[in-house]
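Enquirer: Listed below are the residues making up each chain.
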Amino acid sequence: MAILASLWTSKQYGLEIIRTLDGKSSLALAEGTLYLILGRLKNDGLVESEWVDAGTGHPRKYYWLTESGKKRLRAMVRFWREFSADLGAVLDPVTGREEKLNAQS
Amino acid sequence: MPNLDVIESIDEYCERLWKELHKVPAPEKDELVREMRAHILERVGAEPQVTPEIMAKILRAVGDPKELAEEYRTQAMLREATSDKASWVFRPWVLLRATLRWGLNSIAGLVAFLFTVAGYGCAVVFLSCALLKPVFPARIGLWAAPQHTLSLGYWNGRLVGTEIYGISVRPPNSFVVLGTLGATDGPVRELLGNWLIPVSVLCGALCFFATSILARWLIGRFTRKKKWNVSLPYPTPMTQNGPG
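The listed protein sequences correspond, in order, to chains A and B. For what it's worth, this note's numbering labels the leading residue of the first sequence as 1, then goes sequentially. For what it's worth, this note's numbering labels the leading residue of the second sequence as 106, then goes sequentially.
Okay, chain A solo, but in the shape it has when bound (with noise of 0.2 Å):
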């Protein structure tokens, strides 16, 4: 989801996601499983990809979603959000009472 969520804005390549995850959030990703990930992604419809000369010396693979991989991604982070509340409901208490505990000391 994360690296779907990656690709919202703009086409990306690997080091990019990479650094999108790395720098907003604390997901840490082996570099080469990225790929395998977006190989399975692009397999399901997900994403789609091309190769750019961006004038490096070596060209770089730009990912971006397709129709089908924005419908998911909606569905996927509708499903996250659902999910973290109710579990959110679950352990405010347990931070309540850290709270609680913190403001007595």
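No lab work stands behind these hints: they were computed from the structure. The model shown is predicted, which means the values in this text are computed figures rather than measured ones. Watch out, some of these pointers could steer you wrong.
[Unchecked claim] Dumping the calculated DSSO-like pairs for lysine-lysine here, alpha-carbon to alpha-carbon at most 30 Å:
1) A/61 with A/11
2) B/171 with B/124
3) A/24 with A/61
4) B/162 with A/61
5) B/134 with A/61
6) B/171 with A/61
7) B/124 with A/61
8) B/128 with A/42
9) B/162 with B/124
10) A/71 with A/100
[Said to hold, decoys possible] Distance ranges between label pairs, derived from CB positions:
11) B/157 with A/101: 48 to 54 Å
12) B/287 with A/78: 51 to 57 Å
13) A/82 with B/326: 41 to 47 Å
14) A/90 with B/213: 23 to 29 Å
15) A/93 with B/157: 20 to 26 Å
16) A/79 with B/154: 24 to 30 Å
17) A/68 with B/117: 37 to 43 Å
18) B/139 with A/2: 21 to 27 Å
We put the CB at the ideal spot given by N, CA and C, even for glycine.
Following the hints, position chain B against chain A.
Expert: Same frame as chain A, but now just chain B:
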């Protein structure tokens, strides 16, 4: 521009990855290795100076070629197993290989593999019985054996030390495919006679197709296509704010 040592390290890494990706179709292999090379070059280009230590760190971050290739082969096999390219003749082999590889990585995969082996095993026993019944009419059959055992397969012809090789069920909880439940003493009775042939052909074909369909479904359901069946509050397809 990376220096010669760096290029040599990258070439060596890509060559190892290429070798480890054996059995993967050449175009896929080319694409993955090309992508990894581009990624490493990108990482190298981002460094002000590339010492051997930094190069080793970059390659470590990319991942061990053997592990990457292993993961890729698993992915490729599972993809092949769920595609329509494999013919019905080769499908058992493709599915068994794919579920075995999946089974090495997860409990769900192991269950799928055992199910696939049992399903195809039953198909083999049924079809073998249909083929061998005319050759060994007195030894091949569906047998009611001692201890309420129901067996399909080859009877060793003894009343003491009776063993039947094939599929056997013994209440309450003994079951074997492609084997025997062990020797028992007592009479055995054949239940189907020559009807065994059409019944076995039918059951064998059913086992074969049902196993193929269910194994493919299991792979597709648990390894590739996670369902996200939630109602979408957004209009689709999206026309604003998205990429491209």
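Enquirer: Any hints from earlier that this structure breaks? Give me their numbers in increasing order, please.
Expert: 10, 13, 15 and 16
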